[in-house]
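K.L.:
Now for the letters of each chain:
There are 4 protein chains.
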Amino acid sequence: MDRPLFIPVLLGSSRAERKSGNVAQFVISQIQAKKIQSELLDVRTMGLPFYEEEHEKLPAAKQWSETMQRADGLIVVSPEYNHSFPGVLKNTLDYLYDEYLHKPIGIVGTSCSQMGGVRMIEQLRLVAIELHMVPIRHAVYFGEMGKKFDENGKLLDEAYIERVDKMLDELLWYARVLKKGREET
Amino acid sequence: MDRPLFIPVLLGSSRAERKSGNVAQFVISQIQAKKIQSELLDVRTMGLPFYEEEHEKLPAAKQWSETMQRADGLIVVSPEYNHSFPGVLKNTLDYLYDEYLHKPIGIVGTSCSQMGGVRMIEQLRLVAIELHMVPIRHAVYFGEMGKKFDENGKLLDEAYIERVDKMLDELLWYARVLKKGREET
Amino acid sequence: MDRPLFIPVLLGSSRAERKSGNVAQFVISQIQAKKIQSELLDVRTMGLPFYEEEHEKLPAAKQWSETMQRADGLIVVSPEYNHSFPGVLKNTLDYLYDEYLHKPIGIVGTSCSQMGGVRMIEQLRLVAIELHMVPIRHAVYFGEMGKKFDENGKLLDEAYIERVDKMLDELLWYARVLKKGREET
Amino acid sequence: MDRPLFIPVLLGSSRAERKSGNVAQFVISQIQAKKIQSELLDVRTMGLPFYEEEHEKLPAAKQWSETMQRADGLIVVSPEYNHSFPGVLKNTLDYLYDEYLHKPIGIVGTSCSQMGGVRMIEQLRLVAIELHMVPIRHAVYFGEMGKKFDENGKLLDEAYIERVDKMLDELLWYARVLKKGREET
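Protein sequence lines, in the order shown, are assigned to chains A, B, C and D.
All residue numbers for the first sequence refer to our numbering, where the first residue is -1 and numbers rise by one.
All residue numbers for the second sequence refer to our numbering, where the first residue is -1 and numbers rise by one.
All residue numbers for the third sequence refer to our numbering, where the first residue is -1 and numbers rise by one.
All residue numbers for the fourth sequence refer to our numbering, where the first residue is -1 and numbers rise by one.
Worth flagging that the hints you see were computed from the coordinates, not collected in a lab.
In this text, all values refer to a predicted model and were calculated from it rather than measured experimentally.
Don't take every hint at face value.
Which copy? The list can't say, so a pair holds if one copy fits it or any two copies do.
Stated by the list, open to error - Heads up, simulated EDC-like pairs for lysine to aspartate or glutamate below, C-alpha to C-alpha not over 20 Å straight-line:
| hint | residue 1 | residue 2 |
| --- | --- | --- |
| 1 | Lys17 | Glu52 |
| 2 | Lys164 | Asp96 |
| 3 | Lys33 | Glu54 |
| 4 | Lys17 | Asp148 |
| 5 | Lys177 | Glu97 |
| 6 | Lys17 | Asp92 |
| 7 | Lys178 | Asp167 |
| 8 | Lys55 | Glu149 |
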């Protein structure tokens, strides 16, 4: 019998007071509601230093590699800093390469402004292509983050349930189709 | 029996004296050598005016739509103008939408400079994602176009045979895998 | 005495039913309220065919060149098509080169979605740099265009008065400073 | 009498074995040959941790802020990782904001491939605009880095002397013109 799909969620902010953690938890719960495995990968606690080429023996790098090898796709949840991604997120992604091959990536942006991280998403898609991933079309934009969750981390704007769902449906379509492709070749 | 794959090549320059036509012919011959169907789509002769929303009855738009519906992927061969694509190429791509769904796109850049259209390729990839296509990682960069073909259109630099081949292999992997995915769902 | 500054507004949509024309007129009126000269340049009526290198004798190209030579900066008002600019707008910009040198460019995006053309703006900024222009930081995003103007073309959301003003202030700062720079060297 | 211009060079790689350090030293020597002050800012030794919002008391952040306040422009020398900038470089740039206002930025890319970091340069330009900087048109592309310097860090390909010079001329034009603009307003 097939093992279930595994789609980890990479949280791209290292700030102690980040609100994007609420988004990551929300996305994970929607993935799991579809009987898909998921887990949080948090750049703040992954323990990766600034990138060096000879990093094979770092336990943090090994663990990141093993997780991504098992994954059938990736979702990145990240704020936008100055029209692009946080350095810590790019630093994390640069540690791996072969692990990403032929796997889909969905990107969820967050911002204080209304834009919801849209420029970060565009720049990250080009990085993802170079990493041999398939950046899917649907993205989710969490703008005006101050109004989106209550103090307990509960989502206040229910329109996002459907938006995340739509993104997940596209991601899972690619995850299944590409998994079959990887296995057959 | 399965019909063979069909990968048309869209030539993105409208200039009468363009040299990128040699590249398009060269790519088509390499596709056909793999027993894959192909044909040239030339923005100079396709007859599409500047984009209007109500264009359903234009014969040129219908033909472009029918060709792309049959296609299992697309290769764009295009020069770079001012770090992006020619207007005529973007104008052509904007005519269709559903026809592109879940199909891979490979991009071949040309330029007089050494860069080979690399910035056009990056910008076009983001457009392709919005069109629901899968932009593949391998691209081919024909820089210094003045030196790449003789006056009869014969390729002078044989390194490009392997480069185009590598791109085609990735494109065809996606074309086959995604075709199966489209048919099963 | 110095001649007054001249900042034309280039409207980037060729569609007959475009709503971005209201935005262009609104921006022009705010420019003129500051005693700065402006005029509408409309890609729909400028009469430029798809780009050819030998276009020096085309009256439409000459006129566009003369206008841009006189200009101290440029504002582009344009919709976003498939995460980038319309082909007709890129086609128009590619006709000139030296005319743009050391002049600032401000970009105003329009869209049916909430995003207001933000991805078109990012891609166009990279083109503008290659054209030797200075893309300013402030942009204006007209999202949900259906709700922004009444049937007579009157602006319904007054928040945009201040937003356009802020962009114009930055553009005019650069227009004055760079004009002095061009004249002194 | 005016104080001389000050254009620091920010080296964007944190790798111990980076070769881009040779490029940074070469650029600094060409700046100084024009009687312009410069100094090396090295992300490897600047001592900035992953970004936090409350960082005002970090000595490393204070020093970076003071240097950039004094600067009349910035040159970034950086490798390209996966079609974008290293995380450590973005992390460094995100620490400041007001310090960059109305100052020009020139970008020099390095890579093992022939491309010379061209995609990193394009992405970084969009970040620079958001930081209120002026990204200049000329960039320098150090491709095939393995062949560009000897083991003592001496430049082997003299064509780069003129290329860096051309970039510096444009950068200094903007540095002077914008400095006057900042002082007058």
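K.L.:
Of all the hints given earlier, name the ones this structure violates by number, lowest first.
P.N.:
Hints 3, 8 not satisfied by this model.
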